[in-house]
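> Sequence:
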Amino acid sequence: MAPVTQLPCDCNGICRACKVKPAEAKKLTCKTCATQWHVDCLSCRPETMEEVVEWECPDCSSLHRDLPVAHEKTLPEGAGDLIAAIRAIEADGSLSDMEKAKKRQWLLSGKAVLEEGEEKRREGDGSNILDILNGTLKCSFCLELLERPVTTPCGHNFCLKCFKKWVGQGKKTCAKCRAVIPSDVASGIRINSAVVNAIRAAKASKASSTAGETWRVYQFVHNQDRPDRAYTTERAKRKGKANAASGRIFVTVPQDHFGPITAENDPLRNQGVLVGECWADRFECRQWGAHFPHISGIAGQSKRGAQSVVLSGGYIDDEDHGEWFIYTGSGGRDLKGNKRTSKEQSFDQTFVKSNLALKVSCLKGYPVRVLRSHKDKHSPYAPREGIRYDGIYRIEKCWAKQGMQGFKVCRYLFVRCENEPAPWTSDDHGDRPRRLPELQELEEAVTVIERQEDPSWGYDEQDTCWRWMKPPPPSNWRVRRIDSEETERSWKIIKKSKNISISESLLRGLKCLICGQVMASPVTTPCGHNFCKTCLEGTFAGVPFLRERTRGGRSLRSQKNARICPACPTNISDFLQNVQINRELMTLINSLKEEAEQKRNSEDLTGENSSGDKMEEVETVVEEDGEDTDSDEEE
DNA sequence: AATTAGGCTAAT
DNA sequence: ATTAGCCTAATT
179 MAPVTQLPCD CNGICRACKV KPAEAKKLTC KTCATQWHVD CLSCRPETME EVVEWECPDC
239 SSLHRDLPVA HEKTLPEGAG DLIAAIRAIE ADGSLSDMEK AKKRQWLLSG KAVLEEGEEK
299 RREGDGSNIL DILNGTLKCS FCLELLERPV TTPCGHNFCL KCFKKWVGQG KKTCAKCRAV
359 IPSDVASGIR INSAVVNAIR AAKASKASST AGETWRVYQF VHNQDRPDRA YTTERAKRKG
419 KANAASGRIF VTVPQDHFGP ITAENDPLRN QGVLVGECWA DRFECRQWGA HFPHISGIAG
479 QSKRGAQSVV LSGGYIDDED HGEWFIYTGS GGRDLKGNKR TSKEQSFDQT FVKSNLALKV
539 SCLKGYPVRV LRSHKDKHSP YAPREGIRYD GIYRIEKCWA KQGMQGFKVC RYLFVRCENE
599 PAPWTSDDHG DRPRRLPELQ ELEEAVTVIE RQEDPSWGYD EQDTCWRWMK PPPPSNWRVR
659 RIDSEETERS WKIIKKSKNI SISESLLRGL KCLICGQVMA SPVTTPCGHN FCKTCLEGTF
719 AGVPFLRERT RGGRSLRSQK NARICPACPT NISDFLQNVQ INRELMTLIN SLKEEAEQKR
779 NSEDLTGENS SGDKMEEVET VVEEDGEDTD SDEEE
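Numbering (this note's numbering), first residue to last: 179 to 813.
These are calculated hints, taken from the structure and not from any lab test. Treat each hint with caution, since some may be false.
Pair by pair, the computed Cβ-Cβ distance ranges are [what the hints assert, rightly or not]:
(1) A458 to T625: 45 to 51 angstroms
(2) I192 to R613: 41 to 47 angstroms
(3) P360 to R645: 48 to 54 angstroms
Taking lysine-lysine pairs in the BS3-like style, the calculated list, with each CA pair at most 25 angstroms apart, reads [as the list claims (entries may be wrong)]:
(4) K381 to K689
(5) K316 to K419
(6) K579 to K555
(7) K586 to K575
(8) K205 to K381
(9) K316 to K350
(10) K586 to K555
(11) K711 to K316
(12) K531 to K517
(13) K481 to K648
(14) K316 to K342
(15) K419 to K521
(16) K205 to K417
(17) K586 to K531
(18) K517 to K553
(19) K586 to K517
(20) K648 to K586
(21) K343 to K316
(22) K381 to K199
(23) K354 to K342
(24) K316 to K349
(25) K381 to K350
(26) K555 to K419
(27) K575 to K531
(28) K517 to K555
(29) K481 to K575
(30) K575 to K648
Idealized CB from N, CA, C, for every residue including glycine.
Take the sequences, apply the hints, and build the full model.
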C-alpha cells in the first residue's frame, strides 16, 4: 500500500480526505482514539467483524510501531461477549446492511444510533447551549467536543485519549502553549468531571428539547410550597436533618410511579434520574423521586406492587453481588419504645404490606428502582457516602426461610435489567438477560414464588434494550385535571424553568469547591478539581513552600511542604508554584452567564412573572382509571 | 386515627 | 462504636 495521507472525519462527520459525509455503515471508529474514519478512503480496511471491533486508525497503529507504548489492555472486559454478539448480528439474514451497522454501533457505543434524517432534524433545532460548549470546549487535537476531558497545569483542555496519545509520542510540552508538562502530571492526570457533567447535561437537555412534540406536561405537583431543601420545623428543634421535614419534590412523577424517571418528568434539568446519581441522604433522594419514603427501605403498596428499594445493610441476611442480590423483607422487629435502632428480630416476617408489595412486583415482573446507601458497610457495591441510584432490577423469585436470627424472613432475588451500565463497571453497555444464579438457600425455602405470566418490564431482542412490554400500571394518585388554557400556561412555565435551568444548572455545576460560587477565574488541578484562583491560593496563604527540617540539633536539607488539594488527598504543591487560569472554562462560564441573563431578559419582556404563574395545588378530581382488581394475591 | 418505617443527630 | 430520642409521612 502506498503511504497516502489518510485523514479522519471532521467534527461534522465529513471525511477530510474525500470531503463527503459517509453513511453510518461506511464509518469506522478507532478503538484507541475514538475518531471516525471513512472506510472507502482507507488504504487498509478491516476484513472481518473482529477486525472492525479491534480496528485502530492509521495514527494509532503507527504509534505502536514507532514506540512501544504501554497499552492498558488489548481487549476490554467482556469483549468476548461483544464479538459473539457482533457475529450473531452478522449472521442474521433478516437484517439489511444498514440495520446491521446500526446494531453493531449500538453494541459498541451502548446507545441507539439516530437515523440520518433524525440527526439532521436535531442539528437544526434547539438549544444553543451545546453550540456554546462546542465553541469553547473543543479538543485542539481531534477538534471534537471534549471526551473524558483533562486539564494541563497550564490550563488547557484535551480529550484524555488525545492527551495520552500526545504524551505517548514522547511529547513533554503542552500542545497549545508549549509549557512543560511534568511527567508525574502526564502519567497521573485525572478527568475533569465538572466539565464532563456540563457536557452531559447540555447534551441531555438538547435531546429532550428536540423531542418537543412529545413533551408532556405532567401535572403532579406535591410539596410545591415547600423550600428547596429539607428543613426542621420550629417544634423539631434539632440541627441538621435529624427531625427534618421533606423539601419540595422536583420531579413530576406520582409517588407510586413504576420504572425509570425520565427527562420528561424532570422539568428542572430535563435529564431524568440517571444511573449513578448520588444524593447526600434519604431526603434528597426522595426529592428527586427515586425513593419516596424517608425511612422505610421499601416503597410500595400491597395492592399495587413495589416501586423501589434501598439497600442499606439493615438486615444481616442480605447478600449483594452487584448485578443481583438477595433482599430481606421488612418487619419481624419489635419497635416499641420509639426506638428505630433495634435490629433484633422477635417474630416471623410474612408476605403482608410492603413484603406483599414486593411479591406483587415479582409476579408481575415490574421494574424496581434500586438504591444503595453508604450505611451498607457489608457490600462492596455500596457507595462510600450518601445514597446512589443503581438502576432498574426485577424480582425474579421470592420465598420465605428461617433467618439468621431464628425467625422467618421474606427473601427476594433481585436481578438487574437496566439499559445503562452499573456505576461499578467499566462496561459501556447495560444488562442483557442473564441466567439466574443457583441459590443454595432455596432448598430450605418454605415457599417459593415465581412469576408465571410474561413480565411487564422485559428485554426487546429486536431493539436490544429493556422496556415496558405491557403498559405500566396507572397511578392511583390524585391528578389535577387541567383545561386547555391551563395546559398552555403550565407548559410555558415548565418550558421557562427548563430554559433557565439549562444554562443555570450548568453554571451550578461549575461552582468553586471552596467558596461555593460560580468560578470567576477557574483553575483546574492535575487531579481534576476546579477552584477560583483566589480561593485556592488563599487556602495556602501563609504556608511556606519549604519546610526547615532539623534532627538532633543539626539542620537537614529543607523539604517541600505538602499542599493537599482541598477536594482530594493529592499533593498539588508543584501545581501551586505556577497556577494558570483555565481560560476555556472561563469563557464557557461567561458565555453561560450571558445566555442565562438573556433568557431572563427575554422572559421579562414577554410579561411573564414567576409569582403570577405559580402552579398552585388545587383540590382535584381523582383520575380513577386504575383497576383495583389485583385479586391474584394470597396470604 | 393508628401503626410502622432499612433515618438522623447528639450523647454516651 | 453504639444507641436514645426525636420527628415525618405513607400505608392500613
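> Between the alpha carbons of K381 and K199, is the straight-line distance 25 angstroms or under?
22 angstroms, holds
> Need the status of pair K205, K381: alpha-carbon distance at most 25 angstroms?
Satisfied, since the Cα-Cα distance of roughly 22 angstroms is no more than 25 angstroms.
> Hint check: K316 vs K419, CA-CA at most 25 angstroms. Holds or violated?
42 angstroms, violated
> Hint check: K711 vs K316, CA-CA at most 25 angstroms. Holds or violated?
23 angstroms, holds
> Within a Cα-Cα threshold of 25 angstroms, do K381 and K350 meet the stated pairing?
33 angstroms, violated
> Between K586 and K531, is the straight-line Cα distance small enough, at 25 angstroms or below?
Roughly 16 angstroms between the alpha carbons, so the hint for K586 and K531 holds.
> Tell me if the straight-line CA distance from K316 to K342 falls inside 25 angstroms.
16 angstroms, holds
> Is K575 within 25 angstroms of K531, Cα to Cα?
At roughly 18 angstroms apart (the allowed maximum being 25 angstroms), K531 and K575 satisfy the hint.
> Sort out whether K417 lies within 25 angstroms of K205, counting only the CA atoms.
Roughly 58 angstroms separates the two Cα atoms, so the pair is violated.
> For the pair we were handed, K381 and K689, check the Cα-Cα distance against 25 angstroms.
20 angstroms, holds
> Can the restraint linking K531 and K517 be considered satisfied, given a maximum Cα separation of 25 angstroms?
21 angstroms, holds
> Please work out if K517 and K555 have their alpha carbons no farther apart than 25 angstroms.
Roughly 21 angstroms between the alpha carbons, so the hint for K517 and K555 holds.
In the structure shown, a violation is registered for the earlier hints numbered 1, 5, 16, 20, 25, in ascending order.
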